[in-house]
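Sequence order for the protein chains is A and G.
For the first sequence, this note's numbering begins at 1 and goes up steadily by one.
For the second sequence, this note's numbering begins at 1 and goes up steadily by one.
Just a sample of chain G residues kept apart from chain A, beta carbon distances all over 12 Å, derived:
| no. | residue |
| --- | --- |
| 1 | F17 |
| 2 | P65 |
| 3 | L66 |
| 4 | F71 |
| 5 | M77 |
| 6 | G109 |
| 7 | L114 |
| 8 | G131 |
| 9 | G143 |
| 10 | E186 |
| 11 | G234 |
| 12 | T255 |
| 13 | S260 |
| 14 | S306 |
| 15 | D315 |
| 16 | L316 |
Computed list of chain A residues with no C-beta within reach of chain G, every gap over 10 Å:
| no. | residue |
| --- | --- |
| 17 | M95 |
| 18 | R102 |
| 19 | N114 |
| 20 | A259 |
| 21 | D294 |
| 22 | Y346 |
| 23 | I382 |
| 24 | G404 |
| 25 | D561 |
So, partial list: chain A residues that the calculated Cβ filter (under 7 Å) puts toward chain G:
| no. | residue |
| --- | --- |
| 26 | A44 |
| 27 | A45 |
| 28 | N49 |
| 29 | V207 |
| 30 | G421 |
Just so you know, the hints here were simulated from the structure itself, not pulled from any lab data.
These numbers come from a predicted model, not from an experiment.
Glycine residues also receive a C-beta, built at the ideal position from the N, C-alpha and C atoms.
As a plain string of letters, each chain reads:
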Amino acid sequence: MSRKLSLALVIVLALSLVLSVATVVAQDDIPRGGTVVVNESPQAAWVRNFSPFAPNPLQPTLNLIYEPLVLFNPVEGGAPTFWLATGYEYAEDLMSITFTLREGVLWSDGETFNADDVVFTFGLLQANPGLDRGGLMSFVSGVEKVDDYTVTFTLSRVYTQADTYLGGMLPVPEHIWSAIEDPVTFTNDNPVSTGPFTEVVNFSEQVYDLCRNENYWQEGRPYVDCLRYPAFTGNDPVNLALINGEVDWAGNFVPDIDATFVAADPEHHGYDFWPGGGSPWQFYGNTTVAPFDDVAFRRAMSAAIDYQAIVEIAMFDYTVPASPIGLGSRFETSINPDALALGEEYGLGMYNPEFAAEQLDAAGYVDADGDGWRDLPDGGPIEFTIQIVNGWTDVVTATDIIAGNFQDVGINASMTTPDFGEWLNNLQNGTYVASLGWSNYGRFAYNYFRDQIDSTLINAETGFAGGVAWARWSSPETDALINAYNETADAAEQQDIVNQIQMAFVENVPAIPLFYGPQWYEYNSSRFVGWPTAENRYTQGSPWAQGSRLIVATTIHCVDDTSCGQE
Amino acid sequence: MRYLARRIGFYAIAAFFALTLNFVIPRLMPGDPAQLMFGRLSTSGQADPRLLDSLREIFGFVEGPLHEQYFAYLTHMLQGNFGISVSQFPVPVTDVIASSLGWTIRLIGLATILSFIIGTLLGTFAAWRRGRWTDNLVLPALGILNSFPYFWIAMVALYFLAFGQGWFPMSHAYDLDLVKDWGSPEYIASVIYHAMLPAFTIILTSVGGWMLGMRNNMIGILSQDYVVMAQAKGLSDRRVMLVYAARNALLPSLTAFGMSLGFVIGGALLTEYVFSYPGIGLTLLQAVNARDYPLMQGIFLMITFSVLIANLLIDLAYVLLDPRVR
Numbered sequence: 001m002s003r004k005l006s007l008a009l010v011i012v013l014a015l016s017l018v019l020s021v022a023t024v025v026a027q028d029d030i031p032r033g034g035t036v037v038v039n040e041s042p043q044a045a046w047v048r049n050f051s052p053f054a055p056n057p058l059q060p061t062l063n064l065i066y067e068p069l070v071l072f073n074p075v076e077g078g079a080p081t082f083w084l085a086t087g088y089e090y091a092e093d094l095m096s097i098t099f100t101l102r103e104g105v106l107w108s109d110g111e112t113f114n115a116d117d118v119v120f121t122f123g124l125l126q127a128n129p130g131l132d133r134g135g136l137m138s139f140v141s142g143v144e145k146v147d148d149y150t151v152t153f154t155l156s157r158v159y160t161q162a163d164t165y166l167g168g169m170l171p172v173p174e175h176i177w178s179a180i181e182d183p184v185t186f187t188n189d190n191p192v193s194t195g196p197f198t199e200v201v202n203f204s205e206q207v208y209d210l211c212r213n214e215n216y217w218q219e220g221r222p223y224v225d226c227l228r229y230p231a232f233t234g235n236d237p238v239n240l241a242l243i244n245g246e247v248d249w250a251g252n253f254v255p256d257i258d259a260t261f262v263a264a265d266p267e268h269h270g271y272d273f274w275p276g277g278g279s280p281w282q283f284y285g286n287t288t289v290a291p292f293d294d295v296a297f298r299r300a301m302s303a304a305i306d307y308q309a310i311v312e313i314a315m316f317d318y319t320v321p322a323s324p325i326g327l328g329s330r331f332e333t334s335i336n337p338d339a340l341a342l343g344e345e346y347g348l349g350m351y352n353p354e355f356a357a358e359q360l361d362a363a364g365y366v367d368a369d370g371d372g373w374r375d376l377p378d379g380g381p382i383e384f385t386i387q388i389v390n391g392w393t394d395v396v397t398a399t400d401i402i403a404g405n406f407q408d409v410g411i412n413a414s415m416t417t418p419d420f421g422e423w424l425n426n427l428q429n430g431t432y433v434a435s436l437g438w439s440n441y442g443r444f445a446y447n448y449f450r451d452q453i454d455s456t457l458i459n460a461e462t463g464f465a466g467g468v469a470w471a472r473w474s475s476p477e478t479d480a481l482i483n484a485y486n487e488t489a490d491a492a493e494q495q496d497i498v499n500q501i502q503m504a505f506v507e508n509v510p511a512i513p514l515f516y517g518p519q520w521y522e523y524n525s526s527r528f529v530g531w532p533t534a535e536n537r538y539t540q541g542s543p544w545a546q547g548s549r550l551i552v553a554t555t556i557h558c559v560d561d562t563s564c565g566q567e
Numbered sequence: 001m002r003y004l005a006r007r008i009g010f011y012a013i014a015a016f017f018a019l020t021l022n023f024v025i026p027r028l029m030p031g032d033p034a035q036l037m038f039g040r041l042s043t044s045g046q047a048d049p050r051l052l053d054s055l056r057e058i059f060g061f062v063e064g065p066l067h068e069q070y071f072a073y074l075t076h077m078l079q080g081n082f083g084i085s086v087s088q089f090p091v092p093v094t095d096v097i098a099s100s101l102g103w104t105i106r107l108i109g110l111a112t113i114l115s116f117i118i119g120t121l122l123g124t125f126a127a128w129r130r131g132r133w134t135d136n137l138v139l140p141a142l143g144i145l146n147s148f149p150y151f152w153i154a155m156v157a158l159y160f161l162a163f164g165q166g167w168f169p170m171s172h173a174y175d176l177d178l179v180k181d182w183g184s185p186e187y188i189a190s191v192i193y194h195a196m197l198p199a200f201t202i203i204l205t206s207v208g209g210w211m212l213g214m215r216n217n218m219i220g221i222l223s224q225d226y227v228v229m230a231q232a233k234g235l236s237d238r239r240v241m242l243v244y245a246a247r248n249a250l251l252p253s254l255t256a257f258g259m260s261l262g263f264v265i266g267g268a269l270l271t272e273y274v275f276s277y278p279g280i281g282l283t284l285l286q287a288v289n290a291r292d293y294p295l296m297q298g299i300f301l302m303i304t305f306s307v308l309i310a311n312l313l314i315d316l317a318y319v320l321l322d323p324r325v326r
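This is chain A alone, in the form it adopts within the complex (with noise of 0.2 Å):
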């Protein structure tokens, strides 16, 4: 060969070598391991339960260790990121969807994940209905097997929301579970799953550490190798070892987070509560007992709370007052500008207690006694109770707040403060008259709405009321539009039927949205970074969102190749 010749092909390969080591090297350039410090729920003492069906199992089982078909990332509004689902179609009638399930997939004991082991979890929900949290059955009639990476649902009804709820089924390993005898008490000390932490060490009382899965489908992924969650029992030692740096995801309220959390370390402790993500926390008069049942005086006392005061004083300023239809920056989109408009006309979401007081004489409540309260128009007393969770320090200064402004403008409103399972029961039950509580937002918007105003919620014999309908309001029209929305997988149809859904709630006035709920989480950057921030909020960082959990354990890894304590 000429030399020349030859001095071209070492230089070609020279420099191929160095492209590849240079491809390796990008590649490879994100530093591993560590063991990052997360905190769940408060638990006095953890017991071993990982089972996927259980009612409360510990916290990473959903999300973390099993995986979805399908994840709806909240920041993508309502865009699907597709996960153990590569992709699905709703058949022309709308009777029945396919879903294309990913292939390469290994469980973590190296079995292939497929068809089979979709087609038996949804087996297992069908024969033991206390496991269908989901409420799949109501919907879905059966599932068939196509091919090893197919499967389709036939449903029992048309229904456009049943993609989002079949998509976050998690599928469970056939090998395994269709050996235990009874799966509604096994406690799957062992789990066996795709997701990117899998393996169980040193469980103790106190703490357990979930490690990495070596057969994750997600290659080089999860960077990091251990999340380990100790047992904290309540949010005072949480934020002690939070400003301490002993944490390094949470998902806490921390008052004052500026001057004591952030304060600690400036660099590296962060924190996002997304304001105006979440969904709002409301006030619920119960309309079918008066004064609620008045939609006038619901109109009046949407104008007698000082939103500005709650969102300082109760909620530190981390949240922003919620608009009068509910709906925050996490749904823009969807906003109907003619809903707002008619809000701000009739004076809803804007603190002008004059304005209330107008509006209250107008319709007849006036002090009829003479006792300096106002009575109703027929004569009656009004004097009701507030109710609001015992223990919920943020929100019971807000429901105190709150019955100040009624007292303000003459309505004989005081505070009350069961615990949990008493005030649940009551708004359940309907054996309230005012209390304080969350909503639900969902993946679209309309869920915000359906949550609370659709009639098939409140059960037709025993009067239990389910989701969020605590405020008991609902009416044929808007019953109409719920059903037209299952029915059309449109998404501008769907919009309209949103649209009108909102002037609906405007006219209407159900319930009264007081501030986005803060998305507590706070993170330590100075161990693992990649979390979502608030310059960078690729998706909703709480250790306890379902939603978003598993993009985040996937996406932190080590600030350098010595911090995390690797060796």
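Go by the hints and put chain G onto chain A.
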């Protein structure tokens, strides 16, 4: 011997009543855990009403004649089968209790015993040297500490000594990096180190009570003739104080000690909360909040039996200490 047989018989009957009450009381309360569990799950708006019936069945709240349920309950209890916890379903109650009972008994039991011993000794000295500094300074100081709310003392100690100075660990029963291994000296050292601050706060707030009680008993005893007689006979001060006076003054305190030993299991809720100690007091509170009847029943039973057994042991101690009883 007859005395002992009578006492044991008494305790057996008390135990039977405790078992029966343990069965009756939860069933008198309104609401049930299936309803609460269903309530929580249905706030997501997706739960099917049939889920409530399924939950009821799973949790074992089936209808049936009450006396049949009662006999089934008795046989289960005597076999040690406490059923399946509702709030931690499907973990059995015995597993939930076992994971934290040991820590409570070790920490709180030890702290109570130490507090009793220290308080009694201090009370003895205070009475013997009444009017001096033990009596005038230490006793009022400890008495004041006794009346401080425990929660406050614990949080102040945690904040200043553990969080502020870093002299003690802030939480948990042993270092999180260690594996539970009672054979390892490193582990045992860690357990002791982590128990120091909680035990210290418990002792600090309870020793005053023991001291006061013992001192008052002693002062009564010290005016007795036989004490003067013993001193006149030339016995050493220490021997008179401890072997004669204190031994008799101890008897009333012992009864109280028996009671407090019995309540070790359920009574240290605040310690466990503040120091994140994995104990059973907080487990009980969580069980009550979740209306977890099987778990509550299991823990109540343990508390009742431990009170009865502690009292039985104290009765035996009485027999040894007080010849008038034999």
